[in-house]
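Trainee: Read off the chains here:
There are 2 protein chains.
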Amino acid sequence: MSRVAIVDQCTSAFTKDSDLSVQELACDPCRKILEHYKDRSIEIDALILSTTSDIQYGSTIISEYLGIKPAISQRLDNLCNSGTNAIVSAYSMIKSGLCKTALVVGADIRETKGTKLVWDISRGGFTSPIYWAALFAKAHMRRYGTTEEQMASVAVKNRKNAFLNRNALFRKKISVDDVMNSKKLVGPIKMLDCSYICNGASAILLTNEHEAKNYTDCPVWIEGIGSSTEAASFSNVSSDLSFIQSTKKASKMAYSMTNIKPDQMDVVELHDAFTIMEILAYEDLGFCQKGKGGRFVSQDNLSINPRGGLIGTGHPLGATGVAQTVEICEQLKGIAGKRQVKDCKSGLVHNMSAAGSSSLVLILS
Amino acid sequence: MSRVAIVDQCTSAFTKDSDLSVQELACDPCRKILEHYKDRSIEIDALILSTTSDIQYGSTIISEYLGIKPAISQRLDNLCNSGTNAIVSAYSMIKSGLCKTALVVGADIRETKGTKLVWDISRGGFTSPIYWAALFAKAHMRRYGTTEEQMASVAVKNRKNAFLNRNALFRKKISVDDVMNSKKLVGPIKMLDCSYICNGASAILLTNEHEAKNYTDCPVWIEGIGSSTEAASFSNVSSDLSFIQSTKKASKMAYSMTNIKPDQMDVVELHDAFTIMEILAYEDLGFCQKGKGGRFVSQDNLSINPRGGLIGTGHPLGATGVAQTVEICEQLKGIAGKRQVKDCKSGLVHNMSAAGSSSLVLILS
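Chains C and L are the protein sequences, given in the same order. Quick note on numbering: the first sequence equals residues 350 to 714 in the numbering used here. Quick note on numbering: the second sequence equals residues 350 to 714 in the numbering used here.
Here chain C stands alone, though its shape is the one from the complex (with noise of 0.2 Å):
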C-alpha cells in the first residue's frame, strides 16, 4: 500500500480577538497552501475540517469560498483532538486508494461551547478542564514529589519557544517568579499554567507516494498513528490520576507501527493543555522514567514543543492537533526558521481531549 505524504502546511496567527467567523478564519491557511500551486490544477479529493464550532456542513462552505469542489466534504469533531482525527481520516482514504489529496483544517473561534463540558455530570459544577488538570496535578505531586516550580518551567520554557514564533498568541518570556505569582485558579494551578482558548486555523495538505514528488522535495511521512479512547466522563477516565491511560496506548500503538523509539525521537509537540499535563506526558509517551516527568523538563536533548505549545501559542480547540502536525513538518523539512531543531529526522504529535478522556498520537519522518 502507499504511504501517506504531508507536502504542504501552514498556519495562522492565533489571536485572542477577531471578528471573522469560524469559515473565514479556515479558509485563510487553505487559500496560502492553494497558493502555491495556482500555476497548475490540482484537484483536492477531500477537504476535512476540524471544529468543536456548530457550523453545519462547514466543510462544504469552506469548500465554496476556496473554490474548488472536492468529492468528500467532512466536518469532524471530537473534542481537543479534532485536528488529528482529521488527519487520521485523511491518512485513511488516501491510504485505502479512495482519495488522492486531501485537505485537513482545523479552525476555531475563542467562543466555541467546546469550552464547557456540560454533558458530564461527573464533574459536579466543575465543568471547566482547571478543575481536572488540578486533580492530576495533586496526583502527581503527591506520588513522586514533582514541584509547582517544576510546572511552571514547563511553562516558562514554552512561552520561551513562543517568542520565536511569530503566530504565537504569548510572545513574552516568563520567569519562574511570574508564574510562581501568577493568580492561583485552582490550586496547584496558576493562571500562568494554563493554555488560553483562541481564535485559529491550520491546514496541511496530504497525498500518495506517487503524488507527493509532484507537490515537495520534502515530502513527510505518517510513520504512526496511534489513538484511544478511555470514557466521555471524567471519573471514568482513570481510576490512577497520575498518568493518562488513553495517551499509553495510543503511543504504544503508533511506535508498534514504526521502527522508531522514544529515545530516537528529535523533536516533539505535546498537548501541554496545562503545564502538568505536558509532565504527565513525558512519562506516558515513553521520554522518561514514570515519576521522573517533573525532572525532566530541564533536559534539553529532546526538543518539545518549538513551536510553544498550547501554552505559548494559544489553543484554537479544533485547529490544535493540525498547528502540531504543521510544526512537525516545518521541522522535519528544515524550514522553521528560528525556531528549527537541528538534524531533525523523526518527529511525534501528542493530542488529547478533555480530562484524556482519548488521545492520539502521529509519528512523522
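Worth double-checking, as some hints may not be accurate.
When chains are identical, the list treats them as one kind, so a pair holds in a single copy or across two.
[Said to hold, decoys possible] Computed list of lysine-lysine pairs in DSSO-like fashion (alpha-carbon distance at most 27 Å, straight line):
hint: 1; residue 1: Lys449; residue 2: Lys597
hint: 2; residue 1: Lys562; residue 2: Lys465
hint: 3; residue 1: Lys465; residue 2: Lys533
Quick caveat, the hints were computed from the structure, so don't treat them as lab data. Since the structure is predicted, the reported quantities are computational estimates derived from the model, not experimental observations.
Given the coordinates of chain C, assemble chain L onto it according to the supplied hints.
Mentor: Frame of chain C; chain L shown alone:
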C-alpha cells in the same frame, strides 16, 4: 487490499416525538448489534457518529454509554448525507488497515439545527429546503412535461412500501388524490410530496474480509463509493435545475469502481427528500433516460425505496444515509421480511445534501 464488509445492521423505529437525546437514540441500534456478540469478546476499533445535532464529542459519549473503548472516536457532519460520509470514513479506516472493525451510527432529533440553511444568503429568506425543491420541480415540469400526478405517484409508492416497514413513521397508504389534495406549500410542492424531519437512529458494523466470516455467513460488500461536492450555496449548485450535478458525478465515480451497471441493480434506496428529487435521481443515477423520470415512477423492474424512502420512513438527517444502507443490507441478505425483493444481488444507496450541494453513492453486493 482487503475488501470491506458490512456484517451487521440495525435501525430504530423513527418517531415524531421523543424525549430521548441524540446520544440515547444512537445507543439503541448499537446496543442491539453488540447484543448479537455478547457471548464473545469483540473489539470496536472505531466508532463514528453521524449527526447534525450539536453534541460535543458525541461519539465518545456514546462509546461510554455502550461500555466500549474504540481506538478512534469521531462525530461527523455534512448535513443530510452525514450518514454515508461516516460509512466512507469507516470504509477507509478498514481498507487502509488502520482498523479491523468500525461501528457507524447515525442519529438525529427533529429539532436539529440542520433543517435550516441560515448561512446560505443566496436563498434570501427561503432557508427551508422546500423552496429549492419547488424550483427543481418547476424546471423539470417545464422542460420535460413531468406532471404533478407523476410526483404524487412517488409518494403513493413510497408510502405503500412504508406500510410494510414497522420502523417507518408513515404506515398509512395514500392515493394520488390524497397527495394532489394535500395542502399546497410552495407550488407545485404539496404537503404529501415532502419527507418529514423526525427522530431516529441506525447503525451498521463493518469489518475487513478476513474478519467478516466471524460475524456472518452473508457479509454485504462495499463495491463502489462515489462522492461529489458542488457548492454550499443553492445559487452555485447548478445553472440547470433539471438535474443534480453532484449525483451524476457521484454515481459515475461509484459505478467506475465496480463491474455493476445501472441496469443490473436489483434494489435502490435513493434520497427522496421531496417527490421530485426521486424523479431526478432516476435519471441522474442512470436508471432511465434524461427527461423520462416522470414516467419511470410506474416501472416495476427495479425496486426503489422498498423501506419507504425518506417520504415513507421519515428523515432524521444524520441517520438517513445509515438507515438507507441498513435497508439495502437487509435486502441483499434476504432478511427484509415482507419487504423482501426477490433475488437481490446488487444494491445502491443514494444520499444527498442540501439542494444537491453534495451527493454520495454506495454500491453494495
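Trainee: Which holds for Lys449 with Lys597 at a C-alpha limit of 27 Å: within a copy, between copies, both or neither?
Mentor: between (32 Å within a copy, 21 Å between copies)
Trainee: Within a copy, between copies, both or neither: which one fits Lys465 and Lys533 at a CA-CA cutoff of 27 Å?
Mentor: within (20 Å within a copy, 44 Å between copies)
Trainee: Up to 27 Å between alpha-carbons, please classify Lys562 paired with Lys465: within, between, both or neither.
Mentor: neither (43 Å within a copy, 43 Å between copies)
Hint 2 alone, counting from the list given before, is not met by this structure.
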